[in-house]
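K.L.:
These protein sequences, in sequence, are chains A and B.
Using the working numbering, the first residue of the first sequence is number 208, and each one after it goes up by one.
Using the working numbering, the first residue of the second sequence is number 72, and each one after it goes up by one.
Hints were generated in silico from the structure; no laboratory data involved.
The model shown is predicted, which means the values in this text are computed figures rather than measured ones.
The C-beta atom is built at its ideal place from N, Cα and C for all residues, glycine as well.
Just to be clear, a hint being listed does not mean it is correct.
Said to hold, decoys possible - Here chain B is said to cover these stretches of chain A; the calculated rule only asks that three of the stretch's residues, wherever they fall, bring their Cβ under 8 Å from a Cβ of chain B:
(1) 226-235
(2) 292-302
(3) 448-459
Claimed, not checked - Partial pick of chain A residues on the chain B-facing surface, computed with a CB cut under 8 Å:
(4) Val240
(5) Val325
(6) Leu330
(7) Ile335
(8) Phe349
(9) Thr358
(10) Leu361
(11) Leu365
(12) Thr415
(13) Phe462
(14) Ile465
(15) Val467
Said to hold, decoys possible - Computed list of chain A residues with no C-beta within reach of chain B, every gap over 12 Å:
(16) Asn250
(17) Gln270
(18) Leu348
(19) Arg395
(20) Gly429
(21) Arg478
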Amino acid sequence: MSERISDKRPWTFYALATLFGAYLLFLYGPMFVIYVLSFQGPNGGVTFPMVGTSVVWFQEVFQPGQMANIPVSFQRSLSLAAVVSVLTVVISVAAGLGFRRRFPGSGALFYLAVASLVMPSLLVGFGIGLGFQFLGWQPSLFTSALGAQLTWTLPFGLFAMFAVVNRFNRSWEEAATDLGASAWQRLRYVTIPILLPGIIGVAMGAFTLSYDEYARTTLTIGPKNTLPLEIYALISSATSPTLFAIGTLTTGVSFGAILVSLLLVLRMQRRRGRLDHDRLSVTQA
Amino acid sequence: MSTTGLISDLPIGLKKTGSITPKRRSTRLPPWMVSWFQVGPLALILTVLFALPTTLFLIVSFYDYDRVGIYPAFMLDNYRELLTTPATWRVYASSLRFAFIVWAITLFLGFNIAYFLIFHIRSGVMRTVLFLLCAIPFWTSGIIRTIAWIPFLGRNGAFNQMLMGLGVTSHPLDFLLFSDFAVIITYVHLFTLLMVGPIANSLSKIDPALMEAARDAGASRWRTMTDIVIPLSKTGITLGSILVFTQVMGDYFVVRQMSGGQSASIVSMLSTEIQAMQYPPASANAMVLVIFVAILVGVMMKVVDVRKELVK
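One chain only, chain A, in its complex shape:
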């Protein structure tokens, strides 16, 4: 470990750090441009130069307009994403645990999940939309659109759970059983707490995938649009800095959410560390 602990960094560190920095610039460069342009003056357009500065475009976002109703579609997207996220966590965590043993049909189910993940998104929506049409059902937010999104978030959740479960040591569960825990207690007090960081990751990932989903949803949504579909409608009708204002707002909200969750995790870690410390001092005494 000498080289990792000593302070002298190999040249590759600097090369890769530069590459990483360049990637971040590449990632944020265009985003930064839209943050600036979202403060475009009322007479300005979607490109430079800036014609004064204003918050007109932000006000526009919150007003239900003729072209698009951003606030309502935003609520729809949030509630859909929340439902998708909860279902994905419950179903894929259970499946991830189930896949730890070989069972008849495990191979078939694995490849079904892979196929569902790599299927071009629009085609999933096409198939489900076609099915609804054949059955004479009306597509809507919490039926066909929810279903179409699950075909994407569930395989994602399953694969993420493989990564999480791989690091899980089964002897902890065995120990719990040996100490007399019931199957439910074992799950509740041992398995889930240990897997929790991974589970939170799955929940956040599923939420993001759903919240931003366009191609699967467009043919299955019915008459009431989610936010990405509204944005798409905005693009095809008229381009105004309103789009950039939406971008700025969503990034601001995500930054806030991430900061809060980071602080929570840090606090949790500190508390856990203190508990461990207390326990140690008790045993020593």
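Using the hints provided, position chain B relative to the given structure of chain A.
P.N.:
Here is chain B on its own, set in the frame of chain A:
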């Protein structure tokens, strides 16, 4: 098991699988049946919402149609028409070319970024923060992230202004926007994280002691890389490659928006047919794309047995 920590840190391939399936003393159900209950909901949803609809458009792809409706039939005309149109082949060739270029770039970027984050960043908190920095733009709609390039790359865009300010060029560059260049840049912007995630996951399972041993045995940095790091991260590389490839092949929006009408994508061609309610030819088109993607993914998964590495 006092060595549990050590064993769980080893790359999966080296783990003894025998120790992982313990005998339960008091289970009423056989283990495989417990597994069935656990995977049941997943199997049900994927069957109803994925397998059935796919079968449905497989059937519809053989149907007959006219301006009024679609009619049950078994004919291959939809396929014949599709496969004898030069435009189809052109679109497939152009999509494949995009997919290949984007794959190469994202693989290079993704691997190096993942390597940097896993092996060069020492503090866990710092690593989390840097990961989050990579992920934050993904909370902004992909559509907005795509069109964000327009004011950046345009004639009067930020990039041209910068180049002219630096004196690199005297007149704005035109090829930047609404071109293949713009399409590739946007894909790389959207999809690099899909490569970073799986590769970082693979890399994090490599015991650093293994690399140290290689160094002590006199291996060069490059040898360590090609003989240890890359083979042990091939699951992540394969998964990332599959994701990037299929995302590009299934793209609907980027080519339409960023190529300025110079290129088309397979799916946007298909969506035109769907909007015209020509379901049978759209279904045939969809089936061809599905088979194409299936073969691509099948080949990649043949090279690396992802299943064996992921599920023990």
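K.L.:
Hint by hint, note whether the structure agrees.
P.N.:
The hints, checked one at a time:
Here's how the stretch 226-235 of chain A fares: 7 of its residues keep a CB closer than 8 Å to some CB of chain B, so the rule of at least three is met and the hint holds. Chain B is given as covering the stretch 292-302 of chain A, and this holds because 5 residues of the stretch bring a CB closer than 8 Å to a CB of that chain, at least three being needed. Counting residues of the stretch 448-459 of chain A whose CB lies closer than 8 Å to any CB of chain B gives 6, so the stated coverage by that chain holds, three being the minimum. A least Cβ separation of about 5 Å between Val240(A) and chain B falls short of the 8 Å threshold, and the interface hint therefore holds.
Against a cut-off of 8 Å between C-beta atoms, the interface hint on Val325(A) holds, since the closest Cβ of chain B lies about 4 Å away. Restraint check, Leu330(A) versus chain B: the minimum CB separation of about 5 Å is within 8 Å; hint holds. Here the hint on Ile335(A) is kept, as its CB sits about 5 Å from the closest CB of chain B, short of 8 Å. Violation of the interface hint for Phe349(A) is found here, the shortest Cβ-Cβ separation to chain B being roughly 13 Å, above the 8 Å cut-off.
Below 8 Å, beta-carbon pairs count as interface contacts, and Thr358(A) has one with chain B at about 5 Å; its hint therefore holds. A cut of 8 Å between beta carbons decides the hint on Leu361(A): the least distance to chain B is about 6 Å, and the hint holds. The beta carbon of Leu365(A) is positioned within 8 Å of a beta carbon in chain B (closest approach about 7 Å), and the interface hint is therefore held. Because the smallest distance between the Cβ of Thr415(A) and any Cβ of chain B comes to about 6 Å, under 8 Å, the interface hint for this residue holds.
The beta carbon of Phe462(A) is positioned within 8 Å of a beta carbon in chain B (closest approach about 7 Å), and the interface hint is therefore held. Interface restraint check: Ile465(A) against chain B, minimum CB-CB distance 6 Å, threshold 8 Å, status holds. Among the interface hints, the one on Val467(A) is violated; its C-beta lies about 12 Å from the nearest C-beta in chain B, farther than the 8 Å criterion. The claim that Asn250(A) is not at the interface with chain B holds, since no C-beta of that chain comes within 12 Å of its own (minimum 16 Å).
Non-interface call for Gln270(A) relative to chain B: holds, since the shortest CB-CB distance, roughly 19 Å, exceeds 12 Å. Remark: the non-interface label on Leu348(A) is consistent with the geometry, its nearest Cβ contact in chain B lying 15 Å away (cut-off 12 Å). Its beta-carbon lying about 15 Å from the closest one in chain B, Arg395(A) satisfies the requirement of being farther than 12 Å from that chain. No Cβ of chain B comes within 12 Å of the Cβ of Gly429(A); the nearest lies about 15 Å off, and the non-interface call holds.
Every Cβ of chain B is farther than 12 Å from the Cβ of Arg478(A); the closest lies at roughly 16 Å, confirming the non-interface assignment.
In summary, the numbered hints that this structure violates are 8, 15.
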